[in-house]
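Spelled out from the first residue to the last, the chains are:
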Amino acid sequence: MTDEARTATATAPQDSPDKAAGDDIIVCRDVHKWFGQLHVLRGIDMNVKSGEVVVIFGPSGSGKSTFIRTINRLEEHQRGQIIVDGIELTNDIRNIAAIRSEIGMVFQSFNLFPHLTALENITLGPIRVRKWSKDKAEQTAMELLSRVGCPEQAKKYPAQLSGGQQQRVAIARALAMRPKIMLFDEPTSALDPEMISEVLDVMRELAGSGMTMICVTHEMGFARAVANRMVLFDEGVIVEEGPPSQIFGEPEQERTKQFLSQILH
Amino acid sequence: MSVRTEHLPPPVSTIGRRAWLRQNLFSSWLSSLITIVLGGAIVLLVLLFLEWAVTDARWGVVTTNFRLFLIGQYTADAAWRVWLALMVVSVLTGVSAASTASRATRTLAIGLAAGQLLLSLIALFSDLGPLVGAALAFNGALVLAAYFGGLRFPFRGRIRTIAWVVAVPALFVLLQGIGRPLLPVVPTNLWGGLLLTFLLSVGGIVLSFPVGVLLALGRRSELPVVRLLSTIYIEVIRGVPLVTLLFIAAIMLPLVLPGGIRIEHVFRALAGITLFSAAYVAENVRGGLQAIPSGQIEAANAIGLNAYQRNRYIVLPQALRSVIPANVGLFISLLKDTTLVAIAGTGLLELLGIGRAVVAQPAWIGAQLEVYIFISAVFFFLCYVMSQASYRLEEQMGVGKR
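Going down the list, the sequences are from chains A and B. Residue numbering for the first sequence is 1 to 265, as defined by the numbering used here. Residue numbering for the second sequence is 1 to 402, as defined by the numbering used here.
Some clues are possibly wrong.
Stated by the list, open to error - Residues from chain B that keep clear of chain A, each with C-beta distances beyond 10 Å, as calculated: (1) T5; (2) F155; (3) E264; (4) F267; (5) P293; (6) A302; (7) I303; (8) L305; (9) I314; (10) A326; (11) V328; (12) Q368.
To be verified - To give an idea of the chain A side of the interface with chain B (calculated C-beta under 7 Å), a few residues: (13) L74; (14) I87; (15) N91; (16) R94; (17) N95; (18) A97; (19) S101; (20) M105; (21) W132; (22) S133; (23) R178; (24) A225; (25) I263.
Read the hints as simulated data drawn from the structure, not as lab findings. Glycine included, every Cβ here is placed at the ideal spot set by N, Cα and C.
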């Protein structure tokens with residue numbers, strides 16, 4: 001069944017795997033994923049360079065969230081190859097731990113730990129995984145809270161924070177592990193309109209600092225301003241990818257025009 | 001039309017005491033009738049009970065047998081060891097309650113103090129005599145003294161744990177004795193009454209909780225063998241009455257075990273209660289585990305926590321917090337189920353067992369009511385302290401708030 005599905009759905013990859021230069025921090029080759037009988041990723045090829053900001057967009061159910069979740073192994077890919085910073089993702093627990101510690105992730109629903117304060121949310125990983133001292137972890141956490149603009153919320157619990165503040169604390173939590181790569185899974189979709197910009201500002205600043213970022217988002221203003229590359233997902237394959245000027249200016253695929261016209265109105 | 005901008009205070013309630021009565025008890029002629037009939041019946045019953053309690057009741061059945069009720073057939077000459085052990089527990093509880101700075105442990109300490117003070121009042125007029133009464137009163141006061149002392153000089157958490165871990169086996173050795181001439185042995189099958197009820201219930205709670213948590217984690221484990229074994233254990237134990245388990249532990253176990261191994265009576269009963277209760281704890285905790293959103297586990301994975309850290313810092317704190325009411329309910333029924341020990345033919349007489357033995361004494365035929373009222377009062381006191389402590393614990397951990 002798998003071979004049939006593969007030939008049926010294979011699309012011409014934009015980057016051939018052979019082009020993977022030493023500069024590529026993420027290399028994905030022919031990544032497939034099934035949920036039961038449902039073929040949700042149907043051969044994704046994508047390389048991301050260090051410092052690059054990639055925006056992934058596409059209709060719901062297109063596999064974009066599933067794809068970035070395979071990169072830190074929240075979802076397991078069933079065929080193909082994913083190499084992050086030279087380490088291939090396999091079932092080896094040590095590899096998974098090593099890769100996860102290099103990747104920060106920000107979720108649509110924040111997923112802060114409700115029984116811990118903002119500060120404790122941020123210091124948990126550094127203290128338990130990185131084995132930092134409590135003082136060092138707290139100092140770093142306070143610096144990060146200042147960076148995301150809510151140092152005065154350190155002692156509060158997530159339920160006492162607004163959605164925008166929660167998401168910024170979640171970004172600080174991910175950054176506290178000093179990741180090389182940040183994944184954003186629709187970080188503003190669950191926010192009230194007036195809180196979206198405060199989160200996007202933090203992401204913009206982060207992109208400016210040279211962080212490698214993959215963002216699943218429909219914030220087209222953000223994509224146009226910050227992305228090096230935009231990737232349109234549909235039905236588990238990459239439909240089109242290119243710089244924002246190409247995607248917004250002269251998209252090659254009819255599907256891209258159609259999707260953009262839907263979300264820009 | 002102008003726009004109101006100032007914030008208005010909420011309307012003040014104008015209900016007075018008389019209005020409250022009218023609204024809640026005498027709102028119509030029917031409800032007035034019900035109020036008068038029920039109120040009259042309650043007053044009548046209370047008066048009748050009080051009349052009986054003051055004039056007819058033979059409370060001597062409790063006071064002349066008070067030693068039996070408190071410590072069972074524990075050798076009378078060695079009874080001082082129990083009071084001494086209680087003294088150590090009193091000090092440790094007081095100090096611990098102060099240093100945990102938790103309202104829940106403070107409630108337990110207050111309960112221990114109040115319980116000993118109440119018992120001391122009865123002991124003064126009982127076969128135990130004023131000296132023991134004074135010792136119990138002293139212990140009760142000691143809990144409070146240790147609490148206030150502990151507030152001034154707080155213990156570190158680790159020292160507190162070590163103190164309890166050292167004290168519990170030491171106290172057990174003290175109670176059991178090491179042989180003549182220093183501390184003659186008091187076999188555990190002689191331990192009884194409130195002492196035994198207390199040991200079995202506190203021991204059962206403290207031991208079954210961690211076992212239950214492990215079983216719950218096991219039942220949700222990704223390892224099929226662990227999951228299967230946990231599930232089988234839980235289902236089998238939950239399908240068997242506690243009495244049969246106690247019977248097996250008391251009578252079958254010694255037959256099955258190889259000759260040299262003898263397990264003390266108390267431990268057999270404790271094992272039965274613990275193994276039984278653990279299965280129920282496991283199912284409660286499993287409920288809490290299932291209520292944790294998958295996003296929490298994903299977030300824990302994403303920051304690189306391993307399986308142990310994920311459970312220890314993210315999953316269990318949230319799961320256990322949400323099942324406090326269910327678990328305390330379970331522990332309250334565990335406390336009351338210790339009465340089954342006497343029924344299961346273990347040869348052990350806990351509080352209720354002693355009560356049944358006392359009622360059978362020729363001198364006290366017909367005094368059942370007095371005995372069972374006393375026993376009920378003791379159980380009510382213990383359960384009430386536990387449920388109060390659990391409310392404090394819920395508040396403190398913010399169930400449903402955070």
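* Which numbered conditions among the earlier hints are violated in the structure presented, ordered from lowest to highest? -> Hints 5, 6, 7, 8, 9, 14, 15, 16, 17, 21, 22, 23, 24, 25 contradicted; others consistent.
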